[in-house]
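*Asks:* Could you build all of it, start to finish, from the sequences and the hints given here?
Protein chains in written order, with our numbering: chain A, 1 to 114; chain B, 1 to 113.
It should be emphasised that the hints constitute simulated quantities derived from the structure, not laboratory data.
One should not assume that every hint holds.
Far from chain B by the CB rule (all over 12 Å, computed), these chain A residues [what the hints assert, rightly or not]:
1. Pro8
2. Gly16
3. Gly17
4. Ser22
5. Ser49
6. Gly53
7. Lys65
8. Thr69
9. Phe75
10. Leu77
11. Gly97
12. Gln103
13. Leu114
Coverage of chain B stretches by chain A, computed from C-beta distances (three or more under 8 Å per stretch; other residues unrestricted) [as the list claims (entries may be wrong)]:
14. 40 to 46
15. 102 to 112
Where a beta carbon is used, it is the ideal one built from N, C-alpha and C, also for glycine.
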Amino acid sequence: EAAVTQSPRNKVTVTGGNVTLSCRQTNSHNYMYWYRQDTGHGLRLIHYSYGAGNLQIGDVPDGYKATRTTQEDFFLLLELASPSQTSLYFCASSLTGLNYAEQFFGPGTRLTVL
Amino acid sequence: GDSVTQTEGLVTLTEGLPVMLNCTYQSTYSPFLFWYVQHLNEAPKLLLKSFTDNKRPEHQGFHATLHKSSSSFHLQKSSAQLSDSALYYCALSDPGAGAKLTFGGGTRLTVRP
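*Replies:* Written out as structure tokens, the structure reads:
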């Protein structure tokens with residue numbers, strides 16, 4: 001089974017702060033994703049990537065940047081954090097971008113912006 | 001654009017009773033449909049997904065049938081267990097949208113003794 005890890009698991013910052021969330025997958029998957037999870041909204045896609053150096057825009061990208069440095073590592077950057085970005089963030093990966101491909105999720109990072 | 005609707009935010013059942021969680025969708029193309037399950041303090045994981053050949057997917061006693069005429073992919077189980085308590089997400093993947101999954105708002109299922 002795919003191994004996806006995230007760090008930190010919990011993060012508290014202040015409005016205007018700079019935050020980087022990290023994700024690593026060790027199963028040689030090509031695709032990686034960042035989601036945010038909010039009650040009533042489900043999981044919403046922020047950004048995704050199909051390889052090192054690639055970035056694709058998701059459905060709720062405003063206020064977020066992302067960078068895929070290697071096949072294994074995908075980072076989510078909040079350069080001016082706002083309270084509306086308080087959420088549970090999940091990283092996921094899939095072997096392919098084919099639309100029946102299973103996505104494997106990491107354990108999540110809970111971010112609080114005060 | 002694509003959308004997935006799960007009408008029940010919360011479902012509470014007694015152990016042993018049947019489970020049915022609703023999922024309807026809107027999509028331009030013929031999408032693949034998925035059910036993901038998330039137990040408390042865990043990551044979401046795939047429960048089952050639709051097949052291209054209209055076979056009914058089943059896993060851990062759960063099954064779902066894709067009805068294209070009504071754009072539905074309801075999740076069912078004949079007898080609920082305490083361990084089924086979790087958050088369930090219906091999701092679709094649109095052939096025209098590449099690797100993107102669109103999730104519904106989720107249904108939290110609580111099974112009581």
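*Asks:* Could you check the structure against the hints above and give me the numbers of any it violates, in ascending order?
*Replies:* Result: hints 5, 11, 12 break, sorted rising.
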